[in-house]
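Novice: If you're matching them up, the sequences are chains A and B in order. Residue numbers are given in the working numbering: position 155 of the first sequence equals residue 155, and the series is strictly consecutive. Residue numbers are given in the working numbering: position 49 of the second sequence equals residue 49, and the series is strictly consecutive.
Since the hints were derived computationally from the structure, they do not count as laboratory data. A quick note: this is a predicted structure, and the numbers were derived from the prediction, not measured. One or more hints might be untrue.
[Stated by the list, open to error] Covered stretches of chain B (in silico footprint by chain A; criterion: 3 or more residues with CB under 8 angstroms from a CB of chain A, positions within the stretch not fixed):
{"#": "1", "stretch": "7–13"}
{"#": "2", "stretch": "20–34"}
{"#": "3", "stretch": "53–64"}
[As the list claims (entries may be wrong)] Keeping only pairs whose Cα atoms sit at most 16 angstroms apart, straight-line, the calculated EDC-like set for lysine to aspartate or glutamate is:
{"#": "4", "chain 1": "A", "residue 1": "LYS260", "chain 2": "B", "residue 2": "ASP49"}
{"#": "5", "chain 1": "B", "residue 1": "LYS48", "chain 2": "A", "residue 2": "ASP259"}
{"#": "6", "chain 1": "A", "residue 1": "LYS260", "chain 2": "B", "residue 2": "GLU44"}
No residue lacks a Cβ here, since even glycine has one placed at the ideal position from N, Cα and C.
Now for the letters of each chain:
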Amino acid sequence: MEKIQYSVSDFIAITNQTLEYAYPSVEIEGEVASFKVNQGKFIFFDIKDAGGSIGCFMTVWQLRVPIEDGMKVVVTASPKLTQWGKFSLTVKAVRPSGEGALKKSFELLKAKLDKEGLFLEARKRSLPSIPQHVAVISSTQSAGYADFIKILNDRWGGLRVDVAHVQVQGAGAPDQIIRALSYLNSRDELPEVIVIIRGGGSADDLSAFNDEQLVRAIAGSRVPTLVGVGHEIDESLADLAADRRAATPSNAAQILVPDKNEIIRATRYQVRSLLPRVESAIDQQSVFVRTIISDILARAEQKIEHRFEQLTAIRSVLTQLDPQTVLARGYGLIRGIQKVGGMIEIETNKAIIKAEVKNVHAK
Amino acid sequence: MSTPNKTIQEKTAELSELVSWFDSEEFTLETALDKFKQAEALAESIEKDLTALKNDIQIVKQKFDSEA
Chain A
1 MEKIQYSVSD
11 FIAITNQTLE
21 YAYPSVEIEG
31 EVASFKVNQG
41 KFIFFDIKDA
51 GGSIGCFMTV
61 WQLRVPIEDG
71 MKVVVTASPK
81 LTQWGKFSLT
91 VKAVRPSGEG
101 ALKKSFELLK
111 AKLDKEGLFL
121 EARKRSLPSI
131 PQHVAVISST
141 QSAGYADFIK
151 ILNDRWGGLR
161 VDVAHVQVQG
171 AGAPDQIIRA
181 LSYLNSRDEL
191 PEVIVIIRGG
201 GSADDLSAFN
211 DEQLVRAIAG
221 SRVPTLVGVG
231 HEIDESLADL
241 AADRRAATPS
251 NAAQILVPDK
261 NEIIRATRYQ
271 VRSLLPRVES
281 AIDQQSVFVR
291 TIISDILARA
301 EQKIEHRFEQ
311 LTAIRSVLTQ
321 LDPQTVLARG
331 YGLIRGIQKV
341 GGMIEIETNK
351 AIIKAEVKNV
361 HAK
Chain B
1 MSTPNKTIQE
11 KTAELSELVS
21 WFDSEEFTLE
31 TALDKFKQAE
41 ALAESIEKDL
51 TALKNDIQIV
61 KQKFDSEA
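For reference, chain A alone in the conformation it holds in the complex:
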């Protein structure tokens, strides 16, 4: 068999071709060591375990979560032999591995972004009380999305909802959500709110929402954002960067729109509460009218009483003038011709006497 002789460069190239064919992309788990950033652009570190160590290279923009020495990570990389004959991994992505590393990475990024003011309350914008057009970024196959839509439909109607279907976990999720955010922010008809939702999951499942570029995209969104990721106890950096945080996808729907059943109840109550007000006004008016009537009656009674008193006085005078009263006092009433020989009638209290006139003379 003929021996093939290569130049150094050719051998390096052919080795790289073989490596690329055998391991186009490989995931390797290990601990970070000797982490350093050169010229603010290039990152070098070793990934190691008890039995070995491999050098890694990547660019700063590829690093989506902070890492430091001692952290357990999974790198997605291609193996490569450099022109100096050094074997290394060209890293495409790094993600923390295990709860401890995830927590550490979360805390590092949280502190960094907090220092930049990304989570400041003053940056938060208020959401419209009753929006008419909203956009949702989620996986349409997820339980969280189903919960959100159910609660939304139960609570409100007439809303235009544009849904951007994306992956909400895994390595590709942050970029998909960023693209969806950018797309929704650049539409001619901007939604009034962008809602980003994802149901519960493990810390690793939810780690997509702690991606630095995604958190920055949420903070930089032109349209106000509402983020509801995981359960109540889960806190993601996406939550902190959003204009409003929802505890869960269902809670996001509750925050987004009012409950129509509550509005219907409140409206009915408002109208019902008008009746007692009208009744009270009628009562007040009745009391007023009754007072006036009773005042009029009292005045009329007074006048009548006065008239009665006047009448009694007149009656008393009249009684005194009554001829019978005069007769009762002993006087007599004479009728007839008062001349000598004439016949007269004398009426006393008790008798009528006929008499003849014997004498008439002047007083």
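Model the placement of chain B on the given structure of chain A, informed by the hints.
Specialist: Just chain B, lined up with the frame of chain A:
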């Protein structure tokens, strides 16, 4: 008087205005019945709108799994 073209927010605002009238100095018994009937009709219309309206949910066609 309310018209069918008004939004729920407009109708709700109109109802609130009517309700405030009952507490205002402009209140008179002569117009109260008329205003009450208007409020009742508005409330009925709001309830009808809220019950009838459905959300329009559209999945956008754009794919986000790779750079456009």
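Novice: Tell me the numbers of any earlier hints that the structure contravenes, in ascending order.
Specialist: none
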